[in-house]
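*Asks:* Sequence:
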Amino acid sequence: MHVRVSLKLGLMALFFPFVMACQNSPAANATSNAASSPNDEKYQNWVESVRYYKKHFGLNDLSSKKVNNRGNGDQDLYGVRNFRVVLHGVYYRGGANNVYNKLQKRKNNNPLPNVALENLCKENFGTAFYFYTDNADQMQANTICETTASKSKNNINYTQITAFKESNQIELLRKIHQHIVDMNTKPIYGHCWNGWHASGLIASLSLMQFCHYTNEQALNYWIKNTDKNDAGYKSVKKRISTFKRIPELEIDEKFRKEICIKPAE
327 MHVRVSLKLG
337 LMALFFPFVM
347 ACQNSPAANA
357 TSNAASSPND
367 EKYQNWVESV
377 RYYKKHFGLN
387 DLSSKKVNNR
397 GNGDQDLYGV
407 RNFRVVLHGV
417 YYRGGANNVY
427 NKLQKRKNNN
437 PLPNVALENL
447 CKENFGTAFY
457 FYTDNADQMQ
467 ANTICETTAS
477 KSKNNINYTQ
487 ITAFKESNQI
497 ELLRKIHQHI
507 VDMNTKPIYG
517 HCWNGWHASG
527 LIASLSLMQF
537 CHYTNEQALN
547 YWIKNTDKND
557 AGYKSVKKRI
567 STFKRIPELE
577 IDEKFRKEIC
587 IKPAE
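Going by this note's numbering, the sequence shown opens with residue 327, and the numbers climb by one from there.
Calculated directly from the structure, the hints in this document are not laboratory data.
It cannot be assumed that every hint is accurate.
Listed next, the in silico BS3-like pairs over lysine-lysine satisfying Cα-Cα at most 27 Å (straight line) [claimed, not checked]:
hint	residue 1	residue 2
1	Lys550	Lys570
2	Lys554	Lys479
3	Lys448	Lys431
4	Lys564	Lys554
5	Lys381	Lys368
6	Lys501	Lys588
7	Lys368	Lys431
8	Lys381	Lys580
9	Lys583	Lys433
10	Lys501	Lys550
11	Lys550	Lys381
12	Lys564	Lys550
13	Lys588	Lys512
14	Lys477	Lys512
15	Lys391	Lys588
16	Lys491	Lys570
17	Lys501	Lys479
18	Lys560	Lys433
19	Lys431	Lys380
20	Lys491	Lys381
21	Lys491	Lys479
22	Lys381	Lys392
23	Lys491	Lys560
24	Lys570	Lys560
25	Lys491	Lys477
26	Lys588	Lys570
27	Lys588	Lys381
28	Lys368	Lys554
29	Lys588	Lys564
FRET-style restraints, in silico, Cβ to Cβ [to be verified]:
hint	residue 1	residue 2	range
30	Glu367	Lys554	27 to 35 Å
31	Tyr378	Lys479	12 to 20 Å
32	Ser561	Asp366	41 to 49 Å
33	Arg500	Lys550	32 to 40 Å
34	Tyr378	Asp578	17 to 25 Å
35	Gln401	Ile572	37 to 45 Å
36	Lys564	Asn435	39 to 47 Å
37	Lys477	Asp387	40 to 48 Å
Backbone N, C-alpha and C fix where the C-beta goes; we use that ideal spot for every residue, glycine too.
My request is simple: use the sequences and hints to build the entire structure.
*Replies:* In structure tokens form, the structure reads like this:
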């Protein structure tokens with residue numbers, strides 16, 4: 327019995343310093359710290375950004391507009407039409423002010439005028455998507471500016487992607503998902519011509535995917551925000567009515583509670 331106890335104590339004495347050294351090593355501490363507070367500072371910065379835009383634009387529901395159908399409203403956003411929030415601080419929708427533009431008037435079937443890109447850039451937007459192909463060759467792909475709020479250099483990238491193509495819809499959802507999980511603080515603007523149909527489709531899919539709207543809620547949202555221009559568009563309505571959430575594009579509840587707006591009653 328005494329021999330066993332002595333042997334056990336001897337082994338403990340031999341290995342105890344090694345175990346303690348491993349537990350207190352820089353690598354072990356780094357792993358522990360990483361596990362206990364992953365990306366806390368980045369997440370807090372992202373939350374502050376989302377809440378800044380929520381207050382800055384003052385859009386507390388999905389139908390209110392910062393800029394109206396004729397492009398009037400917030401002059402800091404001049405060049406867009408029917409500017410609405412979809413996901414606070416992440417994704418906004420609307421149209422392009424070409425027909426009513428006081429500075430650069432042209433036909434409705436065009437991408438954003440340069441003044442819109444300059445103003446979105448100043449508002450710290452980092453990405454804009456044009457959902458149709460008409461006159462896409464006239465798009466200004468990159469706009470560099472100084473932001474109004476922080477006086478820092480910014481660049482907005484402007485690309486064309488057809489919204490009515492199903493594979494592109496998935497790609498747009500992937501881009502928005504990546505934007506959220508990366509905690510990107512530069513919002514996205516997705517637009518068509520008027521800010522009704524194609525932009526409404528991508529917004530509807532986004533609300534179902536990231537905010538768990540039902541198909542019925544999303545369809546009602548799409549119809550309401552066409553501003554009474556919902557006649558036809560059977561394929562769009564069918565797409566919204568049959569969409570199923572993509573499991574790998576789910577987001578954490580902590581993101582959802584910051585960016586999502588409850589559906590209208």
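*Asks:* Hinted pair, alpha-carbon criterion (27 Å max): Lys391, Lys588. Please report holds or violated.
*Replies:* 17 Å, holds
*Asks:* So does Tyr378 sit 17 to 25 Å from Asp578, Cβ to Cβ?
*Replies:* About 21 Å separates the Cβ atoms of Tyr378 and Asp578, which means 17 to 25 Å holds.
*Asks:* Are the Cα atoms of Lys448 and Lys431 separated by 27 Å or less?
*Replies:* 22 Å, holds
*Asks:* Would the pair Lys381 and Lys392 pass a check requiring their Cα atoms to be no farther apart than 27 Å?
*Replies:* 12 Å, holds
*Asks:* Verify the proposed pairing of Lys554 with Lys479, using a straight-line Cα cut of 27 Å.
*Replies:* 40 Å, violated
*Asks:* Does 39 to 47 Å hold as the CB distance between Lys564 and Asn435, or does it fail?
*Replies:* Because 24 Å falls outside the window, the suggested range is violated.
*Asks:* Is the hinted pair Lys583 and Lys433 satisfied, with a Cα-Cα distance of at most 27 Å?
*Replies:* Status violated; Cα separation ~40 Å.
*Asks:* Given the hinted pair Lys570 and Lys560, is their Cα-Cα distance within 27 Å?
*Replies:* 18 Å, holds
*Asks:* Given the hint that Lys550 pairs with Lys570, test it: the Cα-Cα distance must not exceed 27 Å.
*Replies:* 21 Å, holds
*Asks:* Given the proposed pairing of Lys491 with Lys477, does the C-alpha separation stay at or below 27 Å?
*Replies:* Violated, at about 38 Å.
*Asks:* Could you grab the alpha-carbon distance between Lys368 and Lys431 and see if it respects the 27 Å cut-off?
*Replies:* The given pair, whose Cα atoms are some 42 Å apart, is violated under the 27 Å limit.
*Asks:* Checking one constraint from the list: CA of Lys588 to CA of Lys564, max 27 Å. Satisfied?
*Replies:* 23 Å, holds
In summary, the numbered hints that this structure violates are 2, 7, 9, 19, 20, 21, 25, 28, 30, 33, 36 and 37.
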